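**Student:** Start counting the sequence shown at 4; every next residue gets the next number (the working numbering).
No lab work stands behind these hints, which were simulated from the structure alone. Since this is a predicted model, take the numbers as computed values, not measurements. Fair warning: there could be bad hints in the mix.
[Unchecked claim] Computed spacing ranges between beta-carbons, pair by pair: (1) 44 - 17: 27 to 33 Å; (2) 18 - 50: 27 to 33 Å; (3) 15 - 48: 15 to 21 Å; (4) 20 - 50: 15 to 21 Å; (5) 39 - 15: 24 to 30 Å; (6) 15 - 42: 24 to 30 Å; (7) 48 - 21: 26 to 32 Å; (8) 15 - 41: 15 to 21 Å; (9) 18 - 41: 24 to 30 Å; (10) 43 - 18: 25 to 31 Å; (11) 18 - 45: 16 to 22 Å.
For every residue, glycine included, the Cβ atom is placed at its ideal position computed from N, Cα and C.
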Amino acid sequence: MISSNESVATITKNKNGGFDGSIIAEGKATFEFTSGAFTTSIAVTGTPAS
């Protein structure tokens, strides 16, 4: 599991090789992953539930 410094979101790699994310606070975060031959980053924005 990877969590941003701001604790905005958590992302967990699932058994299918994809990622499951949860937004846990308001704010923005960017996650960077390196897997074999590629690097990718995922940006997330958390907003309050309405």
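**Student:** Evaluate each hint against the coordinates.
**Tutor:** Hints and how they fare:
1. 44 - 17: 27 to 33 Å: Hint violated: Cβ distance 18 Å, outside 27 to 33 Å.
2. 18 - 50: 27 to 33 Å: Once the Cβ atoms are compared, 29 Å apart, the range 27 to 33 Å for residue 50 and residue 18 holds.
3. 15 - 48: 15 to 21 Å: Holds - the Cβ-Cβ distance for residue 15 and residue 48, about 19 Å, lies within 15 to 21 Å.
4. 20 - 50: 15 to 21 Å: 28 Å, violated
5. 39 - 15: 24 to 30 Å: 19 Å, violated
6. 15 - 42: 24 to 30 Å: Violated: the Cβ-Cβ distance is about 18 Å, outside 24 to 30 Å.
7. 48 - 21: 26 to 32 Å: Since the Cβ atoms of residue 48 and residue 21 sit about 20 Å apart, the hinted range of 26 to 32 Å is violated.
8. 15 - 41: 15 to 21 Å: 19 Å, holds
9. 18 - 41: 24 to 30 Å: 20 Å, violated
10. 43 - 18: 25 to 31 Å: 19 Å, violated
11. 18 - 45: 16 to 22 Å: With Cβ atoms ~19 Å apart, the hint holds.
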